[in-house]
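Student: Each protein sequence line maps, in turn, to chains A and D. First residue of the first sequence: 388, per our numbering; consecutive thereafter. First residue of the second sequence: 4, per our numbering; consecutive thereafter.
Don't read these hints as lab results, they were simulated from the structure. Don't take every hint at face value.
Restricting the straight-line Cα-Cα distance to at most 30 Å, the calculated cross-link-like pairs of lysine-lysine (DSSO-like) are [what the hints assert, rightly or not]:
no.	chain 1	residue 1	chain 2	residue 2
1	A	400	A	540
2	D	21	A	638
3	A	646	D	21
Quick caveat, the model's predicted, so the values are computed rather than measured.
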Amino acid sequence: MSNNAEIINVTIKVWRQDGPTSEGRFETHQQAISTHASFLEMLDLLNESLNDQGHEPIAFESDCREGICGTCGVMINGRAHGPQKATATCQLHMREFSDGDEIVIEPFRASGFPVIRDLAVDRSPLDRIIESGGYITVNTGAASDANLTPVPKEASDQAFDAAACIGCGACVAACPNSAGQLFTAAKIGHLNLLPQGQAERWKRTENMVETMEEFFGSCTNHGECSEACPKEISLDFIAFMNRDYLKAKVKNRALTGQK
Amino acid sequence: MAQTPNQRYRVAPLRPRKKSWPFPMNIYQTAVGRKWVMALTGMGLIGFVLIHMIGNLHVYEGPARMHEYAETLRTLGGGLMPRGLVLWLMRLGLLGMFGLHLHSAITLKNMSGNSSEEATLIGGAKKYAGGRQHLAANYASRTMRWTGPIIALYLFYHLADLTWGWWLGDKFVSGDPYHNVTQSLSSLPVAILYIVANIALALHIFHGAWSMFQSLGINSPRYNHLRRGLAATLAGLILIGNLSFPLLTQTGLISEDNRECPINETTGLACLVEQAEGH
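Generate the whole structure from the sequences, applying the supplied hints.
Tutor: Have a look at this one:
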């Protein structure tokens, strides 16, 4: 990585869509940008010039801009979150591109992710999946002692890997089937691996999988999701979820109060 | 976006949950359960294809031994079972597995296709207007929904060719598989059809045999690295074995030049039985 910023000229081919039901189209713009700028800063500058010219700025989502909130996310040159592996769109920098490049920007696509405007999509189906079981139930009151519940190191490590999921929806976007498996598997895996998650394990697995299937497609084990994931969540969690799902179906759940 | 009570679900479910069927049928109602069925039936079908290929290697031992192998299949179970019963039971099992594999595949493909506004008609894969890059999906995984129908059509052709004898007509001799195979595969267009179909089959197995471990949740760091190799080995073995039949018939290694028995369903078959007894 060079310390010297360069100015590169890029052609931006960006998806514009006025509303959920309007017809979308590509729009082409030129932008000169420093290689030290982030991808979203490049869009900010482009929006400023669009604004100055009296045009509508491009709608896109971002929040923390440090790769942990999962708000940003667009398809850049046919890849979710762009060309750099394990990097959310906001952490992508223009040094990944060269002078004269054409950059195609499209929203994350899936029927479960309707376009709100331009590059912003409604990812609330992911919230529906969380609502249906992505939690544990505990009595509130006096806080219990820290480290009261022993957690095996391996379980804690694995659960942490799953919990790294920021819920950006890149897995759904990258999936040719628009399946929500990697997101759901990460959330299920995170809780099902920990002692705190055991009480509701089977109910959670069944509910979250079946809610996922209300909105998203069916996994065919391509592995595109894991490649696109900014947190590199492993496909192993999908296998774990598939196994837990069948176990959930055959468990005597009346006995664990999970009817 | 502000949420008002009636706007709570901004995105309506594409397919609201249906009333649950009684256990264990409810497993088949969901995509994850259907993938279990697809993986298990796929495993059974791979087993069949492998055994079918190995059994057909008897063709290299000549018409008599090939006839003996076919007879053995019909008389499985020995004196305990009526002739052909075990074979028919296995056929019914295969038909059931094939039906379930096909039904789950078609319905899941439709589910995936409906989950993207822009999806290809046959493959059901999502399209991006600006194009997309595949990073992990290989040729085999992306063509599953093409190789599948090709295999199904080929299966029909293959049954009509060598089980029912539709295309061979008078040249088809029931109970003499060696003769039927050489008659059928010595025609160049037929040989090409078998070769193309078996390449599709190998591609299908290359992804399927890997994918089933994921679908069944058979996953352990101890042997995860073996899964790709296993799928490649299975697909490779089946490909080599199955391609050898059309290729070697075309090059003349499998032929009826040295045949001693007449070709018909009466004296011919009796002669083959006599020859096989000699070994």
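Student: Confirm or reject each hint.
Tutor: We went through each hint and held it up to the structure:
1. Taking the CA atoms of residue 400 of chain A and residue 540 of chain A, the gap is about 47 Å. The hint is violated against a cut of 30 Å.
2. At most 30 Å may separate the alpha-carbon atoms for a hinted pair to count; residue 21 of chain D and residue 638 of chain A meet this at roughly 21 Å.
3. Between residue 646 of chain A and residue 21 of chain D the CA atoms are separated by roughly 17 Å; this keeps the pair inside 30 Å, and the hint holds.
In summary, the structure is inconsistent with hint 1 from the numbered list given earlier, while agreeing with all the others.
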